[in-house]
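Note that the protein sequences, when read in sequence, are chains H and Z.
According to this note's numbering, the residues represented by the first sequence are 1 to 169, in order.
According to this note's numbering, the residues represented by the second sequence are 1 to 107, in order.
Please keep in mind that the hints were generated in silico from the structure rather than gathered at the bench.
Small disclaimer: the values here were computed from a predicted structure and weren't measured.
Where is the CB? At the ideal position from N, CA and C, for every residue including glycine.
Worth double-checking, as some hints may not be accurate.
Unchecked claim - Cut-off 27 Å, straight-line C-alpha distance, at most; resulting in silico cross-link-like pairs (DSS-like, lysine-lysine):
(1) Z:25 <-> H:139
(2) H:161 <-> Z:93
(3) Z:67 <-> Z:25
Said to hold, decoys possible - If we take Cβ atoms under 7 Å as the criterion, some of the chain Z residues that face chain H in the derived model are:
(4) 55
(5) 56
(6) 66
(7) 70
(8) 71
(9) 72
(10) 75
Claimed, not checked - A short list of chain Z residues far from chain H (calculated; beta carbon distances all over 10 Å):
(11) 14
(12) 36
(13) 46
(14) 62
(15) 68
(16) 69
(17) 77
Now for the letters of each chain:
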Amino acid sequence: MEITASRSWPAPPRDSLAAARQRWEDNFGESRPAAAGDSVFAIRHELNRLMTEKVGVFRTGAELQEAAGELAALRQRYRRLRVPGREAPFRYDLVEYLETGYLLELGEIIAGAALRRTESRGAHYRLDYPARDDRNWLKHTFIRRGEGGPVFTSGEVCITKHLPGERGY
Amino acid sequence: MINHELVIVGGGLAGLMAAVEASGKADVAVVSKVYPTRSHSGAAQGGFNAAMGEDDAVENHVFDTVKGSDYLADQDAVEILCAEGPAATRCWKRWFSAGGPGGGRWK
């Protein structure tokens, strides 16, 4: 199989494993002060609402931009939460905490990629860019973790037989 | 720290089949957040697609997949997926159906 050999995937940063390990261990740091009156459930609930309202089926650049700002604010709140302890073998509050962190990251990825893709294609529908734009966007989006959030790059799509055509049903 | 040559994240059908394929060639581990019977393949409401019927063809499945991706799918990968789909589907059908013909083989 020549798939991976012929494709130009961006190389992961050299220290990515060490960074991932550090990030994971940071989840268990117990020295962070408690954020009074906030909870991981409230943040998750607001994330839900935000993604449905502004990163849903019908998208616009303006709303996606707002979503990016609100996601950054949720991320700030998440950082101030007290991390649940890890004494018991099954800590559902810890699971909830970790999942919400990943959901925030995914939210940033989805909103950022949707904002970047200034066309409509497949299930990605931009009211401000209603047509498919093969000249600029017949390409993949690659995403990797950066210092300040997801970093987006583009990659070529492999076409063997089927040239892009009008998509009717 | 636990070490493996290959770690597969997710114990659904894709993860398990990847693990079976790689076993014997590498030291494999499958990591699943839930007990693997709760992995999400069991909840696939749209079913699974492969060119299984006599009036079906791999080429039709290839085009349908490319069209479904709105031309953003890598067609070399789609061709492999659709060509190997029928054998893979027969294989896991045998693995997971109680009382079915045992010892399903990939290919």
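Structure-based check of each hint:
1. Z:25 <-> H:139: Violated, at roughly 34 Å.
2. H:161 <-> Z:93: violated, 31 Å
3. Z:67 <-> Z:25: violated, 35 Å
4. 55: Violated: closest Cβ of chain H sits about 20 Å from residue 55 of chain Z, beyond 7 Å.
5. 56: Interface hint status for residue 56 of chain Z: violated (18 Å vs cutoff 7 Å).
6. 66: Hint on residue 66 of chain Z: holds, closest Cβ of chain H at ~5 Å, below 7 Å.
7. 70: Since chain H brings a Cβ to about 4 Å from residue 70 of chain Z, closer than 7 Å, the hint holds.
8. 71: holds, 4 Å
9. 72: Holds. Min distance 6 Å.
10. 75: holds, 4 Å
11. 14: holds, 16 Å
12. 36: Non-interface label on residue 36 of chain Z holds, nearest chain H Cβ at 17 Å vs cutoff 10 Å.
13. 46: holds, 14 Å
14. 62: violated, 8 Å
15. 68: Incorrect as stated: the minimum Cβ-Cβ distance to chain H is 8 Å, not above 10 Å.
16. 69: violated, 7 Å
17. 77: About 6 Å separates residue 77 of chain Z from the closest Cβ of chain H, which leaves it inside 10 Å; violated.
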